Each structure stands twice: as C-alpha cells, then as structure tokens.
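Q: Here is what each chain is made of, one letter per residue.
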Amino acid sequence: MSETETHSIKVNGEHRRVASGTSVAALVGELGLDPARVAVERNLEIVPRSTLAEVLVEDGDDYEIVHFVGGG
Amino acid sequence: MNAPANIDSWTVAGRTFTSRLIVGTGKYKSLEQNAAAVAASGAEIVTVAVRRVNLTDPNAPKLTDYIDPKVITYLPNTAGCFTAEEAIRTLRLAREAGGWTLVKLEVLAEAKTLYPDMIETVRATELLTREGFEVMVYCTDDPIMAKRCEDAGAVAIMPLGAPIGSGLGVQNPVTIRLIVEGAKVPVLVDAGVGTASDAAFAMELGCDGVLMNTAIAGAKDPILMARAMKAAVESGRLAYRAGRMQKRRYADPSSPLAGLI
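Chains as they are written, first to last, in this note's numbering: chain A, 7 to 78; chain B, 1096 to 1356.
Next comes chain A alone, as it looks inside the complex:
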C-alpha cells in the first residue's frame, strides 16, 4: 500500500498537512467548521462559498479562515 501524498499548508498561521486531492470545503469540514458561517481566503484571494467544493488545496497554500466575533 502506497503512502498517501500530503500537502503542507498554513491555516490561520499554523502549519498543517492535508491529503492531496482535498477540496477547500473538505478542509473546512476537517477543521470542524460550518462553511456557511466562515469566510475563506486562500493566498490573499477570497474563495467564494459557492466554489469551496471545487477548489483543491495545493502544496504551500496559505489560508485565513475568519468569522464574526464581538467588536465595537
């Protein structure tokens, strides 16, 4: 059995490894987040919610995943 290839990425400044072929939607799910309540930025570009399932994670990607918190 061959070892699954993985990608090295950053999410909110932290290093992570994900299996190659993972979509951004799958990544969000893997992190335990509800895609309807977050916004995803990939390498400084917004990934629209409607395309999360189509965009594949690539090696070296840098993600910011944000939501609303209390503020003034």
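Possibly wrong hints are sitting among the right ones.
Unchecked claim - Capping the alpha-carbon separation at 25 Å, the derived lysine to aspartate or glutamate pairs in DMTMM-like fashion look like this:
no., chain 1, residue 1, chain 2, residue 2
1, B, K1122, B, E1139
2, B, K1242, B, D1212
3, B, K1157, A, E36
4, A, K16, B, E1180
5, B, K1157, A, E47
6, A, K16, B, E1191
7, A, K16, B, E1181
8, B, K1122, B, D1163
9, B, K1157, A, E20
10, B, K1165, A, D40
11, B, K1157, B, E1139
12, A, K16, B, D1152
Claimed, not checked - Beyond 10 Å from chain A on every Cβ pair, some chain B residues (computed):
no., residue
13, E1221
14, I1239
15, A1314
16, R1322
Don't read these hints as lab results, they were simulated from the structure. As the structure is a computational prediction, the values presented were derived from the model and not from experiment. Beta carbons are placed, not taken as given, at the ideal position from N, Cα and C, and that holds for glycine.
Since chain A is already given, all that's left is putting chain B on it; use the hints.
A: Quick look at chain B alone, frame taken from chain A:
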C-alpha cells in the same frame, strides 16, 4: 413641522431603522450578557469584528448563536486595521462571511489614541464604494474631513465624540453640529460616549444616531446601562425635534407676576 412623536425612523443606504442606537458587541463578560444588553438597548444594528476562527475549539459558542443576524443587522467593522488595504481585505472577508455590503470603516493611525487616519480612511472609502460596499465611516470630528468622506461615497458619517473607549463624552459640540449641518447623509457620533447624558447630548446636537460599545459593556450593570442609553438616545432625539428654549443670561419667572397678593 408637526411629526407624530411615535414615528421617527432614519435611513442609511436605503435601509430604514427605528432605533437610533447602534451598539458594539465587544468587551462583554459573556455572550449571554452581550445578547441581553443588545435586547435592552433596543438596537437594530450591532457592530461586529472579523477575526480568525478558533481552530483549537471549533465548537466554542459563537456570537451568531446569541445574536441572530437575521433579526439584528450585523455591521462588520475594520477595527485593528491601520491601512486602507488591511481594511479592504477585512471587509471583503466580511462580505463573504455574511453577504452584507453595509459596513463600518475605521482606519486607525496609531494604537495610543486610536485616532482615525483620515488620509487612509478617505482613500479606503473611495475604493470600497467602487467595489460596491456601502460604507459608514468612522472619522475625526472635523467638518472638512467629514465632507471629504461624504464626497468619497460614505453612506454615513460617524465622527468620534472622544477617543475610543475613553467615555469622555462629546468633546467638540461645535464641530459635531457643523458636520450635522453640512452632511447630506446620516451623522452618528461613534466613540467616546460614557454615560446617558453624553448620548442625549449628541442627539440634541442633531445627530441621527449614536454608536457605542464600552459605555454599555464597561458599566457595572451593562443591561441597566443599555436601558439608560436607549432612553437617553430617544430623549435627546425628542428634545432636538421639540426645539429647545432660548438660553437667557438672567432669570425669568415661570409664575405670573400679575395678581400677586
């Protein structure tokens, strides 16, 4: 002008609201207390910040669980942004997260005073407006800068009453009034309110509304203070509409002098 006392709404970017009090959602002890304070304030708009999700505890309670964005309008802010680019990046994420184009822009110059950087603010207002955002702009209490913001496309002008979180009240009523008189869009005092009389005073100057956070969240009893602020904003507005009496330098008796025994 004899408008009925119970119908007095205001409109920003085509959205009409009855409450003239906008409250922040920061600095509360808990989300429960935050939600209770918002309810007590009667606010229909709350400001919110955009921040990284909690990856170590993705199931931690969320603001949206306590304050329903379908009921209360979320106004995403750019708190913590010091350049136009940072602010634009933040608001693009906010638009994606919530789908809203009505936003609060604040581009700060430095951490010590949290004073707005007006050069960056005007530039960001222009860029965001071009991108389809409806921008309510936090600005200095400078009538000329307020005009620049309006010219750049601001849908509301929000001058500070005093530095953010200071609770010092409206420091410059002369320029706040000049801003109100010169603006074609709503003017809201944003920041600096400390207690109910500050909010009433801002409204008496003719502002369309008041935005505050710390004055409520930082009170000993935030829910009671939220009620106080609701009443203060309403009172100040009513007094403005009623048109106050002229000030006199000397006394003027209230009871008739005629018929004195």
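Q: Take the hints in turn and mark each one as holding or not.
A: Hint check:
1. K1122(B) / E1139(B): Cα-Cα ~19 Å, so holds.
2. K1242(B) / D1212(B): holds (15 Å)
3. K1157(B) / E36(A): holds (19 Å)
4. K16(A) / E1180(B): Holds. K16(A) to E1180(B) sits at ~22 Å (cutoff 25 Å).
5. K1157(B) / E47(A): holds (20 Å)
6. K16(A) / E1191(B): With Cα atoms ~20 Å apart, K16(A) and E1191(B) stay inside 25 Å; holds.
7. K16(A) / E1181(B): The given pair, whose Cα atoms are some 20 Å apart, holds under the 25 Å limit.
8. K1122(B) / D1163(B): holds (19 Å)
9. K1157(B) / E20(A): holds (22 Å)
10. K1165(B) / D40(A): Holds, at about 17 Å.
11. K1157(B) / E1139(B): Holds, because 19 Å separates the two Cα atoms, which is no more than 25 Å.
12. K16(A) / D1152(B): Between K16(A) and D1152(B) the Cα gap is close to 18 Å, so the pair holds against 25 Å.
13. E1221: holds (20 Å)
14. I1239: At about 26 Å from chain A, I1239(B) clears the 10 Å cut-off, so the statement holds.
15. A1314: Label holds. Min Cβ-Cβ 14 Å, cutoff 10 Å.
16. R1322: holds (19 Å)
Violated hints for the displayed structure: none, as all numbered hints are satisfied.
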